[in-house]
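Asker: These are the residues of each chain, in order.
There are 4 protein chains.
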Amino acid sequence: MSPELARLSHVALETPDLESSLSFFRDAVGLEEVARDDGTVYLRAVDEFDHHSMTLTEADAAGVDHVGWQTDERESLDGFADLLEDRGIDVTWIDEGTELGHGEAIRFTTPTGHRFEFFDEMEKPDPPEERRSRLKNRPFSTVGSNPIAPQRIDHVQLWDAEATTFEEWLQDELGFHVQEYYDREDGSRWGTFLSAGGNKIEAAIIDDEEGSEPPALHHTAYRVDTANDLFAAADAMKERGIDNDGVGQHSISRGKFLYVRDPASGHRIEFNAGANVTFDPDWEPIAWEEGDLEDRQWIGQIESKERVPY
Amino acid sequence: MSPELARLSHVALETPDLESSLSFFRDAVGLEEVARDDGTVYLRAVDEFDHHSMTLTEADAAGVDHVGWQTDERESLDGFADLLEDRGIDVTWIDEGTELGHGEAIRFTTPTGHRFEFFDEMEKPDPPEERRSRLKNRPFSTVGSNPIAPQRIDHVQLWDAEATTFEEWLQDELGFHVQEYYDREDGSRWGTFLSAGGNKIEAAIIDDEEGSEPPALHHTAYRVDTANDLFAAADAMKERGIDNDGVGQHSISRGKFLYVRDPASGHRIEFNAGANVTFDPDWEPIAWEEGDLEDRQWIGQIESKERVPY
Amino acid sequence: MSPELARLSHVALETPDLESSLSFFRDAVGLEEVARDDGTVYLRAVDEFDHHSMTLTEADAAGVDHVGWQTDERESLDGFADLLEDRGIDVTWIDEGTELGHGEAIRFTTPTGHRFEFFDEMEKPDPPEERRSRLKNRPFSTVGSNPIAPQRIDHVQLWDAEATTFEEWLQDELGFHVQEYYDREDGSRWGTFLSAGGNKIEAAIIDDEEGSEPPALHHTAYRVDTANDLFAAADAMKERGIDNDGVGQHSISRGKFLYVRDPASGHRIEFNAGANVTFDPDWEPIAWEEGDLEDRQWIGQIESKERVPY
Amino acid sequence: MSPELARLSHVALETPDLESSLSFFRDAVGLEEVARDDGTVYLRAVDEFDHHSMTLTEADAAGVDHVGWQTDERESLDGFADLLEDRGIDVTWIDEGTELGHGEAIRFTTPTGHRFEFFDEMEKPDPPEERRSRLKNRPFSTVGSNPIAPQRIDHVQLWDAEATTFEEWLQDELGFHVQEYYDREDGSRWGTFLSAGGNKIEAAIIDDEEGSEPPALHHTAYRVDTANDLFAAADAMKERGIDNDGVGQHSISRGKFLYVRDPASGHRIEFNAGANVTFDPDWEPIAWEEGDLEDRQWIGQIESKERVPY
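Protein chains in written order, with full-length UniProt numbering: chain F, 1 to 310; chain C, 1 to 310; chain W, 1 to 310; chain L, 1 to 310.
Calculated from the structure, these hints are not laboratory results.
Certain hints may be false.
One copy or any two copies: either way a pair holds, since identical chains are not told apart in the list.
Okay, derived cross-link-like pairs now, EDC-like style, lysine to aspartate or glutamate, Cα gap no bigger than 20 Å in a straight line [as the list claims (entries may be wrong)]:
1) K305 to D243
2) K124 to E306
3) K124 to D72
4) K124 to E284
5) K124 to E162
6) K136 to D27
7) K136 to D37
8) K305 to E19
9) K124 to D245
10) K305 to E209
11) K124 to E58
12) K124 to E85
13) K124 to E73
14) K136 to D245
15) K124 to E104
16) K136 to E290
17) K124 to D208
18) K305 to D183
19) K124 to D90
20) K124 to D282
21) K136 to E123
22) K136 to E294
23) K305 to E210
Please construct the entire structure, taking both the sequences and the accompanying hints into account.
Answerer: So, in structure tokens, the structure goes:
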């Protein structure tokens, strides 16, 4: 049987100024600091039972160490290790505890140069007593949370000069499912929107039209509840003097968005509300063509193409 | 390999007055009429790609013909047929087209008296041209939709005098996953909240404390976007002279709710916003005990226990 | 010319436990502490430019010292003093600074036993630098505010055994305008909803059907933005272990509500969203009769009649 | 005593294609058609008790016939007529019924070329029986209303090459109150935001930086409930193939906005949520200077300067 992924787990980001980036992701955005170890800070969204969905590590420059994915079961981890080695890809085993919070893992670089990590088990530590919700199915109380704190990680958008190669490899080798895709007028692919677990877009693979750029992370999306929350988040950012990269709604996924970048690292977060979740076992990928709409965005605009290279 | 379910598909309801019930479910609630055939009307929510999630059939009295579930693949349908017959349960094969919109199916009665239907394939007809959204990933345009129209079916709540027997059978034989459960002070089980596909509560099995009652359907839940929509739906019902059974938020599932009953049949719909969806492959069932909170509802109340028997 | 009121300004509340009441009104509700002086704490809502809209003073028992109203101009203050004395009502002049934040004032007791304060000028101090919004038309930044903090005082609801006498006196002597009223089936008045400034309900005068009770304050309402905020406030209260007195929507005023009481004093706050504001110079009072609707509430219920006597 | 205005009442717009403009303002936006008479259609928002807040008349080109204002009482109408004639302005008396729904009126042209109408009384006809709300304080039921229908007229934005002359004249002669204003870096005035009744911005007077343009109307704003409604309105417009001119939040007034133009006439409507309303008798105008913020908008952008001349 083919090994399978369950879901997107986390992003491991590098920043030239850890404390400044924390003041963005923890203090301004509202992710919870879970642990610090060896120069890395672990962050978790308020509705996540899992140990973390983001790590920040100080480095010479902003970068992406890896994107982490969880397998459906332990056997799949070994299965993926075997499968990747069969394809001639170097697989590095990481001991449990090397990165806090999850079990042993494999790391590898995709043929297009994106570093991924796969693991099967992640801890689900209780929040500190004073932050614990009285609702047993909610980790953090709303009391004491940042009012704009997003709920949980939703997807990553990865840019590549060989996006088609990348998305096909994700499908063929790693078993990603295509949820939607967008073709340009000349038939070339602009973007492919894939799911690891099968229920929603977890990886958007975008063609880097400027070609020569290295593999990059355009943004990491976290889910909020409503469009009102996007305005609240934009407002809170403005009060802190942090501009945003636009508010609106994507046609693809139908997710409403607010984009904001960490001033220290340039890493961009998308606050996302209402993106499609599907439970359909026979989902047919949605095929968009340039010209279906006047714009790739249904409402509003994205005002920056900046992205952080691996 | 064990056969597997993918998700809750639809409810097949009986009403003593079809036109009156349509004026509730279609005109007041905003489900779309898809087809009529042989005394049955097929209804579909505005965000559903699938043929229908509810049928209404005129009968002597309000009742429940069956609750329909979709398998993950065709093999699972045969697998379930074999498995059920092995357990001594009568399985009736239903030809494609007997109920419009889906392929061949099996019907059977659970040991506790609930009638279920399993099938694998369902059609995804396009909406009428004038109702089609310009967004390719949304079936119906918001233009012309009822402003309170819910998005898609979410779960059913089934009552039974032998709820524990029922929920254990759903787990053991049909592979349902427990998402949450609630035990009374004396340790007896009040409710078990299960998922067919593994991502969210799709069947709530409630102990019928009045014991002698027949198996019953308490409500069918449809998802809306926000708590504001619950107020909008309550308002629209009031304008039509239809009282509601309460607005608030469940502790279990965290779903915000509005309950309203079809005046003609007594069938109850829950407008539901924000219930937990989880993509965690290692979800641990949430164990509630009486006393964890003062009430089973986090906010507000449900004001009626009426339910419709099978 | 007749003296005129401009608006409801503040409530001066007494509590048997000042620190506990502060932990409710300031920490849980999110009013800002402006000043402390001589056993009184001054509180202000986040969207108020004015010095305060509530004071809390420790006393033997919960009570209401006075309800404060602002006149349209300085001459009206003298005008009201003359007018009241003409009617044989004792008027006490209060020096500027006796109560912090406003100019000289008069205090008096209405014929039905409610203590009122009138003044003309109130200070508009800047918030502390670290709480100041970057928007010049908003006093407090959303950063650092309690996420459920209401925006500004909206109205008071006063109960009286002689409600009709009271509301007529407010109209005839003080120039209050009737926005809406509600008559029982037998023609007797249940409630009159009046405005001081003419744009919205600022004083709801309710017939105390248990007759023998002293004049009382049922609640002080503060405005929030949306129905979502009512759920957010209910949630935050539940997380703190504070039950609420119901969520829903009034028919009168159309305001959506959440009621919560300070556990220490019993003083009740209404979080209110969307109550009617009118700019119509020819507003005709809305006349409700029992039987117009099944209930006095359009949606939901109020679950307690507790009120705090003067 | 000086005559006084109570509020903005309506805009009288001209369009080259009446039916097309109706399909925008009535069918797409959701204003209710009240009456037709002599080539003019009268429109009313769903929360307005008054006869109309907009008229549409077919003409050779898009234009503005007048902006209508209601006086506080009948005497003020005569007072304004006298006052204007004293200033050498031609005043034309309009008989009751010339424009349906309101009493006799005066019309005149401001020194900057904007045509205004003043009147004192407006009818408050009941909605058609089938559209009447069961709430006595709400004219139209939500059942049957366009789901994005705005509640009531809020303000007009007028552009002028001599904006300073215009806003000073509005203050000095007509008694408008300044709520906010915005000065450029060189000290020149970009915009003044005035109130007729004293509670909120009703006329925004903007300096037409291209100088040579005739007096113009940039937009008419109608109020909706929440930011979610702005997204809903943008969505409904997109489904009809009508692009919008941006979504976001103004710094001035704090109103959240969506701008959309009638394709036939170019007349722009602003859906506005949450603009400041103040009941403060001592409101100090908010003084903005270029440089207070990076942009005149707090969130988002306005994407077009098109406006319709008188």
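Asker: Could you place K124 and E306 in one of the four classes (within, between, both, neither) given a Cα distance threshold of 20 Å?
Answerer: neither (34 Å within a copy, 39 Å between copies)
Asker: With 20 Å as the alpha-carbon cut-off, assign the pair K124 and E85 to within, between, both or neither.
Answerer: Neither way: K124 and E85 sit 31 Å apart in one copy and 40 Å across, limit 20 Å.
Asker: When no copy is named, should K124 and D90 be tagged within, between, both, or neither for a Cα gap of at most 20 Å?
Answerer: This pair counts as neither: shortest intra-copy Cα distance 30 Å, inter-copy 43 Å.
Asker: At most 20 Å between CA atoms: does that hold for K305 and E19 within a copy, between copies, both, or neither?
Answerer: neither (25 Å within a copy, 42 Å between copies)
Asker: Up to 20 Å between alpha-carbons, please classify K124 paired with E73: within, between, both or neither.
Answerer: within (16 Å within a copy, 32 Å between copies)
Asker: When no copy is specified for K124 and D72, does a C-alpha distance of 20 Å or less occur within a copy, between copies, both, or neither?
Answerer: Within one copy only: 16 Å inside a chain, 29 Å across chains, cut-off 20 Å.
Asker: How would you classify K124 and E162 at a CA-CA limit of 20 Å: within, between, both, or neither?
Answerer: neither (37 Å within a copy, 34 Å between copies)
Asker: Using 20 Å as the alpha carbon limit, work out where K305 and D243 are close: within a copy, between copies, both or neither.
Answerer: within (15 Å within a copy, 23 Å between copies)
Asker: Could you place K136 and E294 in one of the four classes (within, between, both, neither) given a Cα distance threshold of 20 Å?
Answerer: Between copies only: 13 Å across, 46 Å inside.
Asker: With identical chains, the pair K124 and E284 could be close in the same copy or across copies; at 20 Å between alpha carbons, which is it: within, between, both, or neither?
Answerer: Intra 34 Å, inter 10 Å, cutoff 20 Å: inter-copy only.
Asker: At 20 Å max between alpha carbons, let me know whether K136 reaches D37 within a copy, between copies, both or neither.
Answerer: neither (29 Å within a copy, 42 Å between copies)
Asker: Which holds for K124 with D208 at a C-alpha limit of 20 Å: within a copy, between copies, both or neither?
Answerer: For K124 and D208, the Cα distance exceeds 20 Å both inside one copy (37 Å) and across copies (34 Å).
In terms of the numbered hints stated before, the structure departs from hints 2, 5, 6, 7, 8, 9, 11, 12, 14, 17, 19, listed from lowest to highest.
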